[in-house]
Amino acid sequence: SLSVSAEYPDLRKHNNCMASNLTPTIYSKLCAKVTPNGYTLDMAIQTGVDNPGHPFIKTVGMVAGDEESYEVFADLLDPIIKERHNGYDPTTMKHPTDLDASKIHSGQFDAKYVLSSRVRTGRSIRGLSLPPACTRAERREVERVVVDALAGLKDDLNGKYYSLTQMTDEEQQQLIDDHFLFDKPVSPLLTCAGMARDWPDARGIWHNNEKTFLIWINEEDHTRVISMEKGGNMKRVFERFCKGLKEVERLIQEKGWEFMWNERLGYILTCPSNLGTGLRAGVHVKLPRLSKDPRFNKILDNLRLQKRGTGGVDTAAVGGTFDISNLDRLGQSEVQLVQTVVDGVNYLIECEKKLEKGQDIKVPPPLKQFK
Amino acid sequence: MKMKFSSDKEYPDLSKHNNHMAKVLTQAMYEKLRSKQTPSGFTLDDVIQTGVDNPGHPFIMTVGCVAGDEETYEVFKELLDPVIEDRHGGYKPSDKHKTDLNSDNLKGGDDLDPKYVLSTRVRTGRSVRGFCLPPHCSRGERRAVEELSIEALASLSGDLKGKYYALKDMTEAEQQQLIDDHFLFDKPVSPLLLSAGMGRDWPDARGIWHNDNKTFLVWVNEEDHLRVISMEKGGNMKEVFKRFCNGLTKIEELFKERKHPFMWNEHLGYVLTCPSNLGTGLRAGVHVKLPKISKNEEFEDILKKLRLQKRGTGGVDTAAEGGIFDISNADRLGFSEVELVQMVVDGVKLLVEMEKRLEKNKSIKDLIPAQK
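Same order as they appear, the protein sequences are chains A and B.
Position 154 of the first sequence, counted from 1, bears residue number 154 in this note's numbering, the numbering being contiguous throughout.
Just remember that this note's numbering sits 1000 ahead of the position in the second sequence, which is counted from 1.
Just so you know, not all the hints are guaranteed correct.
Keeping only pairs whose Cα atoms sit at most 27 Å apart, straight-line, the calculated DSS-like set for lysine-lysine is [claimed, not checked]:
id : chain 1 : residue 1 : chain 2 : residue 2
1  : A       : K255      : B       : K1009
2  : B       : K1292     : B       : K1310
3  : B       : K1004     : A       : K33
4  : B       : K1187     : A       : K58
5  : A       : K184      : B       : K1096
6  : B       : K1304     : B       : K1107
7  : B       : K1002     : A       : K33
8  : B       : K1023     : A       : K184
9  : B       : K1115     : B       : K1238
10 : A       : K13       : B       : K1002
11 : B       : K1098     : B       : K1305
12 : A       : K255      : A       : K243
13 : A       : K307      : A       : K353
14 : B       : K1305     : A       : K255
15 : B       : K1238     : B       : K1214
16 : B       : K1009     : A       : K184
17 : B       : K1098     : B       : K1310
18 : A       : K307      : A       : K255
19 : B       : K1238     : A       : K184
20 : B       : K1002     : A       : K255
21 : B       : K1187     : B       : K1163
22 : B       : K1002     : A       : K184
23 : B       : K1098     : B       : K1115
Since the hints were made in silico from the structure, they are not lab data.
Go ahead and model the full structure; you've got the sequences and the hints to work with.
In structure tokens, the structure reads:
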């Protein structure tokens, strides 16, 4: 076989976390290693090699093919995680998990400003490879295990599964109208990592009858879990989120399965950017005046918040309505992050109200990153 | 090898598929072949991934499987032999393929009417023995193929003397010139190719070589290790084919000298990534003005009888513009290079004659050929 230097990728035009952290020494150390599922370094970094990145947006450039990737390729993943998660050091720190929604206070926003509230995360099934590396049988097993557990959800969580391969035209149209349907990934960041293989086999959507709790199966992760409603009751959205997650966990444990989790990295997901809580809690909020204030971005930064357009990541805001959510994922618990969003959005609304009355606003002091 | 789950749990759902792989791969065959791999580690799932991901089109039958190395055609012959037989007009596992790159054996071909035949082109592919093919090669292997190619092409002389342009190093001016010459190839966008892993590490070790006269062009590491193209304006297929054979033979010698001959065997001829390109890998074609005959109800049938294929002037999967068609040989395997080019020469001559008849409102009935 050819020498290590012959195989080293040309990353001179690249701008992503993998390219910033990979060195010939690290490559040399890891290139012959294999996870128990046969996943290699070249496979893990393929997406970062194929997608040089953007001068303004720094992508991660590496994925995990299985839980063990985070151990076997730790020499590269640890510095990537530290860079991406603003200094969280997986070699020394522990990640807190807290899904006790009762701890959230002031979690009901002024509905004149907050149009909708949403919390999402992901969960992986331990023992089965992740979307970049899973075989068809593993992917089908993820579907079987999760759908089986979801069938056990009751009351306000009682719902139905729609397999992408079997849904009727009517079901498909309804899911589109509800904005629940996901389609085959087109982003080269995902397709280069092999996540669209065998589409649409073993992919599907589950949601409760009330359409406030939704699960995507085998899209970018084994599962993506979403709780949402119109209006500003973030507390209730988070309560349902925690209740649903804990119920599903209990149901899979009954059958001998568990979620991938460890105290170093929290919940294990495909992309290193989603480690820890994997949580994005956000609102669609009307901030027409504040968003035009030159201090808007600084305020968001200090509150550890992120803005997006209302179409999600990489979209533009429409009519002064923004998607505002937490920046952080790892190093703080779910409760801490949701409280950060609650406090932050309340502050933003106060700013907007002040500006309506012609009063001045203040830039809040920056929040500490790791609490 | 991932053998944790039984083969019936791994077997792909091909119920909505229409490609050669899906027609052939039964659950029993999957069970038998799924534990195998080539010496370089290419598996059945790797072979068929593109066919699983791309169900196909009701009208166009794609192949749905690729080779990751030369040994794929041996290790997975139970799948690939019937695919080859179906795709290549009944070519049997016991059949032998004839290679003939002696352009002297071509009769005529220097007299296609330039009022109708606008341009002429012959292309093929070659794979370098000892390296994995584009779906499976590592960066190091791809770079080694590039290095060998640059070395071999650098020693061409006379009318074949030329220059190599690496995709990742070319200047803006060079890039624009290659675009204007219609030589530049870009990262594949077709999911048929991307699902097979052929876009990996782009544009590393990819490049274009052409002679100073711009009549002989080599693509390095696009869909195959090498794609070799000879072309010129007008209808002198004899000259185009002569240069093609000349250039290929010289290049083949140079690779042999460097102990990396081309992949070839007497059953499959030249071995390429896609089973559809085995044998000669040759597509000899012209851009020809056939506005009247192309509207004739017998056009498709005539092409079939002549063993020819039509495409738009943008290449595969494009539409014809202004009655100008790309006409080329339909076959690749089971006929020699000379035989295939002869079919194109004779066939295009006949089509032009038919066009001229129709211009004069005369009948073409007596010109309709028998099935070749």
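Structure-based check of each hint:
no.	hint	in the structure
1	A:K255 <-> B:K1009	holds (20 Å)
2	B:K1292 <-> B:K1310	holds (15 Å)
3	B:K1004 <-> A:K33	holds (21 Å)
4	B:K1187 <-> A:K58	holds (22 Å)
5	A:K184 <-> B:K1096	violated (43 Å)
6	B:K1304 <-> B:K1107	holds (22 Å)
7	B:K1002 <-> A:K33	holds (17 Å)
8	B:K1023 <-> A:K184	holds (24 Å)
9	B:K1115 <-> B:K1238	holds (17 Å)
10	A:K13 <-> B:K1002	violated (36 Å)
11	B:K1098 <-> B:K1305	holds (22 Å)
12	A:K255 <-> A:K243	holds (19 Å)
13	A:K307 <-> A:K353	holds (19 Å)
14	B:K1305 <-> A:K255	violated (63 Å)
15	B:K1238 <-> B:K1214	holds (17 Å)
16	B:K1009 <-> A:K184	holds (22 Å)
17	B:K1098 <-> B:K1310	holds (25 Å)
18	A:K307 <-> A:K255	violated (40 Å)
19	B:K1238 <-> A:K184	violated (48 Å)
20	B:K1002 <-> A:K255	holds (23 Å)
21	B:K1187 <-> B:K1163	holds (21 Å)
22	B:K1002 <-> A:K184	holds (25 Å)
23	B:K1098 <-> B:K1115	violated (34 Å)
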